[in-house]
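K.L.:
Line order of the protein sequences matches chains A and B.
1 is the number of the first residue of the first sequence in my numbering; add one for each residue after it.
1 is the number of the first residue of the second sequence in my numbering; add one for each residue after it.
Among the hints, a few may not be true.
Said to hold, decoys possible - Pairwise CB distance ranges, derived in the manner of DEER restraints:
| no. | chain 1 | residue 1 | chain 2 | residue 2 | range |
| --- | --- | --- | --- | --- | --- |
| 1 | B | ILE172 | A | ILE216 | 51 to 61 Å |
| 2 | A | LEU171 | B | PRO2 | 38 to 48 Å |
| 3 | A | LEU77 | B | ASN39 | 50 to 60 Å |
| 4 | B | ALA69 | A | LEU61 | 15 to 25 Å |
| 5 | A | ILE216 | B | ASN39 | 25 to 35 Å |
| 6 | B | GLY134 | A | VAL57 | 50 to 60 Å |
| 7 | B | GLY15 | A | LEU77 | 16 to 26 Å |
| 8 | A | SER89 | B | ARG9 | 52 to 62 Å |
| 9 | A | SER210 | B | SER57 | 35 to 45 Å |
| 10 | B | ASP85 | A | VAL57 | 51 to 61 Å |
| 11 | A | ILE216 | B | ALA69 | 29 to 39 Å |
| 12 | A | LEU171 | B | TYR169 | 34 to 44 Å |
| 13 | A | LEU61 | B | ILE172 | 50 to 60 Å |
No lab work stands behind these hints, which were simulated from the structure alone.
A virtual CB, placed ideally from N, CA and C, is assigned to each residue, including glycine.
The residues making up each chain are set out below.
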Amino acid sequence: MRSFAALLLKEEKAIFTSPIAYVVLSVFLIIMGYTFTVTLFVSHVPTLVHLFFQIYVLFLLTVPIITMRLVAEERRLRTIEILLTAPVSEPAVVFAKYLASLSLVVLMLVLSGAYAITLGILGQPDWGPIYSGYLGLFLLGAALVAVGLATSSLVNNQIIAALLSLSLFLLLWIIDHFGWMLPDPFDALVVNLSLLVHFTPFATGSIFLSDAGFFISVALLALFLSVRALARR
Amino acid sequence: MPDLVVVDRLVKRYGPRVAVRGVSFEIEEGEVIGLLGPNGSGKSTILRVLAGYLPPSAGNVCIAGIDVATDSLGARMQVGYVPEDAPLYDGMRVAEFLRFMAAIKGVAGRATRGAVATAVERLDLGPVLGTPIGRLSRGYRQRVAIAQALVNDPPLLILDEPTNALDAYQVIAVRALVRSLAGRRTVLVASHVLTEIERVASRVMILLDGRLLTTDAMREAGHARQFRLHVAGPAPAILAALRLIPGVIDAAPGDDAERYVVEIEPGRLQAADLARAVVGQGFGLSELVEVKPDLERVFLDLTRHASGMEANAA
Numbered sequence: 001m002r003s004f005a006a007l008l009l010k011e012e013k014a015i016f017t018s019p020i021a022y023v024v025l026s027v028f029l030i031i032m033g034y035t036f037t038v039t040l041f042v043s044h045v046p047t048l049v050h051l052f053f054q055i056y057v058l059f060l061l062t063v064p065i066i067t068m069r070l071v072a073e074e075r076r077l078r079t080i081e082i083l084l085t086a087p088v089s090e091p092a093v094v095f096a097k098y099l100a101s102l103s104l105v106v107l108m109l110v111l112s113g114a115y116a117i118t119l120g121i122l123g124q125p126d127w128g129p130i131y132s133g134y135l136g137l138f139l140l141g142a143a144l145v146a147v148g149l150a151t152s153s154l155v156n157n158q159i160i161a162a163l164l165s166l167s168l169f170l171l172l173w174i175i176d177h178f179g180w181m182l183p184d185p186f187d188a189l190v191v192n193l194s195l196l197v198h199f200t201p202f203a204t205g206s207i208f209l210s211d212a213g214f215f216i217s218v219a220l221l222a223l224f225l226s227v228r229a230l231a232r233r
Numbered sequence: 001m002p003d004l005v006v007v008d009r010l011v012k013r014y015g016p017r018v019a020v021r022g023v024s025f026e027i028e029e030g031e032v033i034g035l036l037g038p039n040g041s042g043k044s045t046i047l048r049v050l051a052g053y054l055p056p057s058a059g060n061v062c063i064a065g066i067d068v069a070t071d072s073l074g075a076r077m078q079v080g081y082v083p084e085d086a087p088l089y090d091g092m093r094v095a096e097f098l099r100f101m102a103a104i105k106g107v108a109g110r111a112t113r114g115a116v117a118t119a120v121e122r123l124d125l126g127p128v129l130g131t132p133i134g135r136l137s138r139g140y141r142q143r144v145a146i147a148q149a150l151v152n153d154p155p156l157l158i159l160d161e162p163t164n165a166l167d168a169y170q171v172i173a174v175r176a177l178v179r180s181l182a183g184r185r186t187v188l189v190a191s192h193v194l195t196e197i198e199r200v201a202s203r204v205m206i207l208l209d210g211r212l213l214t215t216d217a218m219r220e221a222g223h224a225r226q227f228r229l230h231v232a233g234p235a236p237a238i239l240a241a242l243r244l245i246p247g248v249i250d251a252a253p254g255d256d257a258e259r260y261v262v263e264i265e266p267g268r269l270q271a272a273d274l275a276r277a278v279v280g281q282g283f284g285l286s287e288l289v290e291v292k293p294d295l296e297r298v299f300l301d302l303t304r305h306a307s308g309m310e311a312n313a314a
C-alpha cells in the first residue's frame, strides 16, 4: 500500500508539474466559459446540456494529450527499467498512472462545476440532468483515460500514442453512423460501441445501467490491456 | 559460502532471435563477479533477467532461493539494479527520487530517512540532494543510480556497464565503490571493457553470442601457475634441469637471454621450493617472479576458439 501511495504521488507530481496540465485546463475553462455565457444569454434556459456535449468533445480531444506520455515516455527514456525492477507489480504501476490522469479529468469537471453553481444562483435549474450529466462525464472520462493509457502502453512514441487514442476516440464517436447502415444484428452491435449513443442519455437526464456498464467495461478492458502491454517485454 | 544466485540453463528469446543460449552459473555470497563479453553478447539480457525485468524463456533463475519466474516481486526485493546509462527521472530532485525508490522498495516509515541518508553518505551525494537529476553530471547520475540500487540494502547489486561514458576520475571513483562493497555484498558487474572487469572482479565469466565460455576466466588463465626466472648459465642445461624438478610441468625460454618461463602444478611446488631447487643444482638465480594470469590472453583464446568452432560447424 505504501509503495502504491508512492507511485501515485510520483504520477500526480509528474502530471501537475507538467505545463501540459495547465494548458489543457486553461483551454478547457476558456472554451467552457464562452459556451456557457453565450448559451445562457441566447437561450435564457438554466440548463447545462450544451455544456455537457461540449465537454464530451473536449474530452475526446484533450485526454489523448493527458495520457500520451504515461508509459510511452517511460519506455523511451528507459526509466521503466528502474521502475519495474523494483518490487512493484504491473497492475500497481498501471493503476497509479490511471488514477493520477483521471484526477486531472476530475479536476476539469470540478472546475466546470462553477457553471452549475452560477445557474443555481441566477435561476432554478433542474438538478437531475445536471447530476446525471456529471456522472456521465465522469464515466466517459474514466473510459477515455483507460483507453489513452492502453495506447501509451503499446508504443514508445508519445505522439503516436496520442494520435492512436485520438483516432480511436473519433472512430467510437461516429461509429453509430456506420452502424445504421449495417444489416441486423450487426447494426445494434456497432451502434452500441458508440460513445455518443451511451453518453446522450446521461447528458439529457436519464441514467441507464447499460450505459454505465459500457463505460466501466471499456475502462476495465483498457486497463487489462495496459497491464498486459506493460508485462510484455 | 552458500550460493546467492543460481542460474540453470537460462534461455532468453526475443521473437525468433535467441539472445541467451542455455547459460548456467552460480554466485556465492560476498563475491564480486565480472561478466565480460563483446557488445551484443547477451550480458544486459542476463542482468535484466536476474533483476526481474525480463522473464526467462526457459531455464531457472533463483536469487536467495527465490525463483524469479514464480515470485518475481520476492526476487526483486533481493536485487539492486543499475541499468546501463543510468536512466533516471530527470524532473525529480535527488532526495525526492531516493525517497521514492526507498518507498517502492518497501522501506517503511521512519526507516526511509535513515536508508536514504546512508545511501547519500556512501555515494557522497550531499552536495546535490536538492538538484534536479536532469541537471547532474554523468558521474553524479551514475552515483544516484547506484544509490537507488543500494537504498533498501539488497544482498545482490547488479551493475550494467557502470563506467560507460565516465571520465577517468569518475571511473576510478566507481571502481573504488565496487571494491568497497566486496565481501559485504554480492556484486555482479557487466562490461565489455576487459581492464574494468579485471580490476574489480574476484571472478570473471566470459560470454560470447549468448553462450558462457567460462565461469572463471582467472582460473583458466592460471590453472597452472607460471614463474619467470632469470638464471645465468647455458640454456640447454638450465632447461633440462628445470624440467627435472618435481612439480614442474614445463620450462621454456623467455623473451630475453637468461630468462625462462616455468609452469608448475599448483599445490605441489611453492616459489621458495623452486628457488631452492634451481640454486641447489648450482645455477645462479637472480630473479623469480610469479606471472599473473593474463585475462586478455584467456579472453582472446576462448572467443577465438568459440568463433572457430562455430565457423567449422557452419
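K.L.:
Determine which of the earlier numbered hints do not hold for this structure and return their numbers in increasing order.
P.N.:
As far as the earlier hints go, 2, 3, 4, 5, 6, 8, 10, 12 are violated by this structure, in ascending order.
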